[in-house]
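Asker: Listed below, chain by chain, are the residues.
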Amino acid sequence: MPENSHESVASHTVPHGPEADRPTFWTRTRRRIGEPVVEACIRLSGLAVVAFVFLIFLFLLKDSLSLFREYPLGQFLFGTQWLPISDPPQFGVVPLLLGSLYVTAWAILICVPLGVGSAMFISEVAPKHLKNVLKSLIEILASIPSVVLGFLGIIWLAPVLRNTFGLSTGMCGLTGSLLLAFMALPTIISISEDALTGVPRTYREAAYGLGATRWQTLWRIVLPSASSGILAAVMLGIGRVVGETMVVLMVTGNAPVMPRSILQPLRTLTATIAGEMGETVGGSEHYFALFAVGLVLFAITFAINFVADLFLRRARK
Amino acid sequence: MNGARIRQQIAFGVLGAITLLIVVPIILVILYIVINGAGAITWEFLTQAPRGGMKAGGIFPAIVGTILLVVGTMLFSLPLGVLSAIYLVEYARDDLFTRMIKLSVVNLSGIPSIVYGLFGFTLFVLLLHFGTSILAGSLTLAIMSLPVIITASKEALESVPFTYREISLSLGATKWQTVRYCVLPYAIPGILTGTVLSLSRAAGETAPILFTVAAFYLPRLPHSAFDQVMALPYHLYVIATQVPNIPISISFATALVLIALVFLMNLVSIILRAHYRKKRLW
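So the sequences go chain by chain: A and B.
Residue 674 in the numbering used here sits at position 131 of the first sequence, and the numbers go up by one each step.
Residue 120 in the numbering used here sits at position 117 of the second sequence, and the numbers go up by one each step.
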């Protein structure tokens, strides 16, 4: 009887506790069977993440190999013509690769100085309340869907560029580059800012103590110390730009030709997959060729992210 | 010293100008869409299906489609993401498997969205016979959202003080009981913040749903998870590029609804974060 009353008191004071004083059949079963099951699920989830990367690679590889059984690998990698529906079809990836390279290079050239500059302003110059406003605005930019920017590119930016440069069409590489530069800014700004903020305070204090101004300290001490993190920011920015699909599909003019100038219509790897997948017949050479393009894209972004991760690790040390 | 001061003034001025050069266009873009789109947003636009070759009527099926996709994405990615984060923070030893998971998370976050689209198409649409469906689209978007959810959940779990775990274990609780009752409850707000943020990205994505779920024009609502749906981002792409002579106000209004939906989700995540900071125990 005293034991009973003790039990009832305990269960009242700890009503939500995981354990009752005397385990019932169910709590015992849950502990003996439930726990291993839950822990197995946890391990499986970890495994699933690894499995997804492998599966993505495997699926791309499998369908790419189907192409290379009929179409020589060399002609795919070094061919300068992408004519998927002519007879015989040509699946040279070089024009698409160069298209991606042109658009990415210009976008990065535009957005790295702007992004790093404004990261310096946000982390070192702006007072606290302004800093918060600026960071919120950058977060807003990060959340704008790419298809919306693509739409604005068609409606507004392409006509403006056409008139400014006197082009025959505003749907060209530069329109894509400008929009992609805009889109990559949040990535570059936030990671550079983290890198700048992460520089130990003692570095700054030592510089101030020697009589350096805030600008001298920022330019000669803080910026070089944060260089690993900033390089990581640039790499991740490049990854973002190379992989972006909708903007380039909508505004770069979709001309799979060897690009000679950024002011010409061209086409990137991503836009080719998005634009042509709907028109292919499953199991055709063209269909497999698009997977091969996907594999090239996967390899490029894998390498970029790997390097970015190395920089980030070094920055953390 | 005076020269150095002047140089500092100039340098900070340039940095400020650069920041303005970025911030002003952001505000202009939002204003441009709001001003041009707000006029076309009526009750009819939000609650009716498109009519007359999408030149009239509303975008109701696309709104419903996007919401269904977001919910579907959450159903798959939240448990998987949180469990993997629990594994990484609470269970993993510093071994090869753990390093592979971490590397995989990094690489998943870098894979282009269109490659997810290809993968989802081959695995879910073709191999598993889900067809072009909400199920296939949600699964594709879920895998894409995983890295953000895992990273956010990991940070939330790591921020729970180590003493919480020590006390629970010293009282005789098992590993899972400790995680379930002494760690997870305190990490949930952080996890939710990251999840909502990643879902808002998923809501605006077009490339992964191109071949896995999106319907060009489908005025009726879906009956099951195996149906196709229209989705806001894809609908905007379609009316902006594929269909000629769409009244421009309809495109702007669609863009505005999409942006409003994404911002609303971001706002939820910001409120959650603020709430969480206030109630934080450590």
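Hints were generated in silico from the structure; no laboratory data involved.
Treat the hints loosely; a few may be bogus.
Rough simulated footprint, nothing fancy, chain B against chain A, three-plus residues with beta-carbon under 8 Å [stated by the list, open to error]:
(1) 710-724
(2) 794-806
Calculated pairs, DSBU-like style, for lysine-lysine (alpha carbon to alpha carbon, straight line, at most 30 Å) [said to hold, decoys possible]:
(3) A:K678 <-> B:K282
(4) A:K860 <-> A:K678
(5) B:K178 <-> A:K678
(6) A:K605 <-> B:K282
(7) B:K281 <-> A:K671
(8) B:K281 <-> A:K674
(9) B:K178 <-> B:K282
(10) A:K860 <-> A:K671
(11) B:K58 <-> B:K178
(12) B:K105 <-> A:K605
(13) B:K282 <-> A:K671
(14) B:K282 <-> A:K674
(15) A:K860 <-> B:K105
Which stretches of chain A does chain B cover? Using the computed rule of at least three CB atoms under 8 Å from a CB of chain B, they are [unchecked claim]:
(16) 690-702
(17) 838-848
Just so it is clear, CB atoms sit at the ideal spot from N, CA and C, and this is done for glycine as well.
Asker: Does each hint fit the structure? Answer for all of them.
Answerer: Hint check results:
Only residues whose C-beta sits within less than 8 Å of a C-beta in chain B count toward coverage, and the region 710-724 of chain A has 0 of them, not enough to reach three; the restraint is violated. Using a Cβ-Cβ cut-off of 8 Å, 0 residues of the region 794-806 of chain A lie near chain B, which falls short of the minimum of three, so the contact claim is violated. About 23 Å separates the Cα atoms of K678 of chain A and K282 of chain B, which keeps this hinted pair within 30 Å; it holds. A threshold of 30 Å between alpha carbons decides the hint, and for K860 of chain A with K678 of chain A the separation of about 26 Å falls inside it, so the pair holds.
Using a Cα cut-off of 30 Å, the hinted pair K178 of chain B and K678 of chain A is violated, with the two alpha carbons roughly 39 Å apart. Note on K605 of chain A and K282 of chain B: the hinted pairing is violated, with a Cα-Cα distance of about 51 Å set against a maximum of 30 Å. For the proposed pair K281 of chain B and K671 of chain A, the alpha carbon gap of about 19 Å is at most 30 Å, so the pair holds. Pair hint K281 of chain B plus K674 of chain A holds up; C-alpha atoms about 21 Å apart against a cutoff of 30 Å.
For the proposed pair K178 of chain B and K282 of chain B, the alpha carbon gap of about 26 Å is at most 30 Å, so the pair holds. With a CA separation close to 27 Å, the supplied pair K860 of chain A and K671 of chain A stays within the 30 Å bound. A threshold of 30 Å between alpha carbons decides the hint, and for K58 of chain B with K178 of chain B the separation of about 59 Å lies outside it, so the pair is violated. Note on K105 of chain B and K605 of chain A: the hinted pairing holds, with a Cα-Cα distance of about 25 Å set against a maximum of 30 Å.
Under the criterion of a C-alpha separation no larger than 30 Å, the hint pairing K282 of chain B with K671 of chain A is consistent with the structure, at around 23 Å. Taking the CA atoms of K282 of chain B and K674 of chain A, the gap is near 24 Å; set against the 30 Å cutoff, the hint holds. Between K860 of chain A and K105 of chain B the CA atoms are separated by roughly 18 Å; this keeps the pair inside 30 Å, and the hint holds. Counting residues of the region 690-702 of chain A whose C-beta sits closer than 8 Å to any C-beta of chain B gives 9, which meets the bar of three, so the coverage hint holds.
Closer than 8 Å: that is the beta-carbon criterion, and the region 838-848 of chain A has 6 residues meeting it against chain B, so the requirement of 3 holds.
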